[in-house]
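S.K.: Sequence:
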Amino acid sequence: MLYLAFLIGFILNGVARADRVQVAVASNFSGALDSISKNFEKETGHQVVITAGATGKFYAQIKAGAPFEVFLSADTSTPMKLEEEGLAVPGTRFTYAIGRLVLWSSKPHFVDREGTILKAGNFDHLSIANPKTAPYGAAAMEILKKKGLDVRLGPKLVQGENIAQAHQFVVSGNAQLGFVALSQVYRDGRLTSGSAWFIPDSEYNPIRQDAVILKNGENNAAARALLEYLQGPSAIEVMAALGYRH
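Sequential numbering from 1348 applies to the sequence shown in the working numbering.
There could be a bad hint or two in this list.
Pairwise CB distance ranges, derived in the manner of DEER restraints [said to hold, decoys possible]:
#1 H1456 - E1489: 20 to 28 Å
#2 K1410 - F1457: 38 to 46 Å
#3 R1367 - G1495: 48 to 56 Å
The list that follows gives simulated cross-link-like pairs (lysine to aspartate or glutamate, DMTMM-like), each with its CA atoms no further than 25 Å apart [as the list claims (entries may be wrong)]:
#4 K1494 - D1535
#5 K1466 - D1548
#6 K1562 - D1381
#7 K1503 - E1489
#8 K1404 - E1430
#9 K1389 - E1584
#10 K1479 - D1497
#11 K1389 - E1565
#12 K1479 - D1459
#13 K1385 - D1548
#14 K1479 - D1535
#15 K1454 - E1508
#16 K1410 - E1430
#17 K1404 - E1565
#18 K1404 - E1390
The set of hints was computed from the structure by calculation and includes no laboratory data. Keep in mind the model is a prediction, meaning the values are calculated, not measured. Ideal Cβ placement from N, Cα and C applies to all residues, glycine included.
When you get a sec, could you build the whole thing from the sequences and use the hints?
M.R.: Below is the structure:
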């Protein structure tokens, strides 16, 4: 009986220690976080509630009082700004991943390995994420400007609110090709479908993605545990399989 009482007490203590954490995550990383959080929940008992969207939109929502406790951004500047404005916990910010951009089409052999299709212009629509709110969209515009194609291809651009929508435009056929996150079309060293130009890192500024605990999560054990888990081998393995650098 004593052992049974001890066991029940131990289980109840474990449940009491388990917390729930509300996470705002940049769209490009939502699939990775979904996989990572499943392992995290099994190992810790904590629960992760995920909301995916554009980094710029999340910034506005957090400023307006949204109840997020952890923010996984698609850039470094937004978490830094939140920290400076007193909306994030100092000392918790770090780069959890370096994202990569790819020019992709769901059609095999449509995008060549050097991306010369951009200059040829043999397509009706080119999908990008909104460059004002999504860092992957800003990187796409950086590439077009560098190639002197931003003005010429301007009429062909279709903008998604975030990188998930930009990817969906290509999947649905509303755009023949698009600048998407490598993680959306890549797994374990190869494309999952279609054709792509794997854009060299030198073509755009590194997409360093920072995580930070927000003020709402300052006293949430699950928030701190999740950020620690993101830096561990299990999470890094998931990221590497999706093409993220670390």
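S.K.: Mind checking the alpha carbons of K1389 and E1565 for me, to see if they're no more than 25 Å apart?
M.R.: Holds, because 23 Å separates the two Cα atoms, which is no more than 25 Å.
S.K.: Below or equal to 25 Å on CA atoms is what counts here, so check K1503 against E1489.
M.R.: holds (16 Å)
S.K.: What's the verdict on K1494 and D1535, does the C-alpha distance respect the 25 Å limit or exceed it?
M.R.: violated (30 Å)
S.K.: Between H1456 and E1489, does the C-beta distance stay in 20 to 28 Å?
M.R.: holds (27 Å)
S.K.: Sort out whether E1584 lies within 25 Å of K1389, counting only the CA atoms.
M.R.: Given that 25 Å is the threshold and the Cα spacing comes to 17 Å, the pair holds.
S.K.: Measure nothing beyond the straight line between the CA atoms of K1466 and D1548; if it is 25 Å or shorter, mark the hint as holding.
M.R.: Measuring from Cα to Cα gives roughly 19 Å; hence the hint holds.
S.K.: Hey, K1404 versus E1430, does the alpha-carbon distance stay inside 25 Å?
M.R.: holds (17 Å)
S.K.: Does the beta carbon distance between R1367 and G1495 stay inside 48 to 56 Å, or does it fall outside?
M.R.: Given range 48 to 56 Å: holds, Cβ gap about 50 Å.
S.K.: Within 25 Å, alpha carbon to alpha carbon, are K1404 and E1565?
M.R.: Within the cut-off at roughly 22 Å; holds.
S.K.: Decide if the proposed pair is consistent with the structure: K1479 and D1535, CA atoms, cutoff 25 Å inclusive.
M.R.: violated (31 Å)
S.K.: Are the Cα atoms of K1479 and D1459 separated by 25 Å or less?
M.R.: violated (28 Å)
S.K.: Against the 25 Å threshold, does the CA-CA distance of K1404 and E1390 hold or violate the hint?
M.R.: violated (32 Å)
Violation of the numbered hints given earlier is confined to hints 4, 12, 13, 14, 18; the remaining hints are satisfied by the structure.
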